[in-house]
Amino acid sequence: MQGQQRASEVNTNACFGLFNADCLILSAFVSDRRGLDMPSMKVMSTTPVGGFTHRSYRPSLPAASALLPYLQEIDRNRWYTNFGPLALQFEARLAAQYAVDPSRIVTVANCTAGLTLLLQSYAASPGGYEAGTFCALPSWTFIASAAAVVQAGLIPWFLDVEQESWQLTPDLVDSALPSAPGPVAAVMPVAPFGDRVDAAAWAAFRAKHDIPVVLDAAAGFDSVTKANAPAVVSLHATKPLGVGEGGLVLAESAAQAENIRRRSNFGFDRHHEAVWPGQNAKLSEYAAAVGLASLDVWPETRAAFTASAEVYRKVFAKLGLGAVLSLCFSRCDVNTGCTLQLDTPQALAVVEQLRAKGIEARQWWGQGCHAQAAYTGYPRGPLPVTEDLARRSLALPYHPEMSCADIVEIVEALRSVVVQRAE
26 MQGQQRASEV NTNACFGLFN ADCLILSAFV SDRRGLDMPS MKVMSTTPVG GFTHRSYRPS
86 LPAASALLPY LQEIDRNRWY TNFGPLALQF EARLAAQYAV DPSRIVTVAN CTAGLTLLLQ
146 SYAASPGGYE AGTFCALPSW TFIASAAAVV QAGLIPWFLD VEQESWQLTP DLVDSALPSA
206 PGPVAAVMPV APFGDRVDAA AWAAFRAKHD IPVVLDAAAG FDSVTKANAP AVVSLHATKP
266 LGVGEGGLVL AESAAQAENI RRRSNFGFDR HHEAVWPGQN AKLSEYAAAV GLASLDVWPE
326 TRAAFTASAE VYRKVFAKLG LGAVLSLCFS RCDVNTGCTL QLDTPQALAV VEQLRAKGIE
386 ARQWWGQGCH AQAAYTGYPR GPLPVTEDLA RRSLALPYHP EMSCADIVEI VEALRSVVVQ
446 RAE
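Residue 259 in our numbering sits at position 234 of the sequence shown, with consecutive numbering throughout.
These are computed hints drawn from the structure, not numbers from a lab.
Any given hint could turn out to be false.
Straight-line distance between alpha carbons at most 27 angstroms, and here's what the computed DSS-like set of lysine-lysine pairs gives [what the hints assert, rightly or not]:
#1 Lys-233 - Lys-251
#2 Lys-382 - Lys-343
#3 Lys-382 - Lys-339
Computed from a prediction, not measured in an experiment: that's the story for all the values here.
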């Protein structure tokens, strides 16, 4: 035991030597976010919360001082929701982020509502899809993807994902279509944890099959591009750019965006006539204010994410671990977790041991959507990769306020647990 402890200390010290420059950069970002150079950013307490020293994520939305100018504008406008001036300003700045015309951006109350409305925009009839119509989607995703499909009036058809990318690919859907349980009206690929998705491949799939492709890019604020449209991004507090609760739809055209906007307001047209079944899914002016303040410091937030990701990658590269970083974390700086895959199918046990050490490791997607009680009765194809990922994958804490010491401590704890279980 003493030998193992000594080896751990040597590895930790070596990490600090090897990554001194990275640690200095990371420390600078953490200091900034504690108010030295970025007083607008709220700093979370380092006191353990819920028994965890290292939380899976620490939301850091703009502080009251940063929101004040926008709140004062709301007071002057006396316009609090229903496509107000701040919401439109927020959409215009998001459009600039993705280099599209503002007419193609629609902000919504949450990402799930955005996915639902986007799917509904493809229905041939104003009343919605015909009964018995399916949407293909991966089981390896957060449950909101499946919820949106059901709420849109479609039936989920769960398919498997690719082992390396954790993604539902055009080739996988192409191979599965001959065995579809019924007419497929849409496909919903998912950008796992903010990963990039091959827009050209999906465009070719759509051209071949004439089936709409709707991208669930909930964590993809930094990775999605206009080529991925139509896509929906979450603006939840736990996502890279958050407003508390919200989402944005990147529509493929201004006409589609207008369709979605009307559906988000009970289906009303310009004459206050409900021409489609709709819902109340508008973004409030207060949420837009948080979004605008978050955009004000997005370059600094992104740089802090990048610094944390780089240290994680270098620590993983230098320490011998029975695990590898997932492709989505390896090639994207801004994610919603440091996701990885173990060499052995012991993810649940490893998560439990890390949590006992005060590290809030997570299995964000559990066993897959098909295993959730509400969705066990829906059709699915063979899911060997999904079932394997459920046994091998987990996420370590990852957020912009991590220090180098935090990351080394977390990875060392993972290494010790993996080594212990291998003995």
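A quick look at each hint next to the structure:
1. Lys-233 - Lys-251: Distance of about 21 angstroms is within 27 angstroms: holds.
2. Lys-382 - Lys-343: It holds: about 22 angstroms lies between the C-alpha atoms, which stays within 27 angstroms.
3. Lys-382 - Lys-339: holds (23 angstroms)
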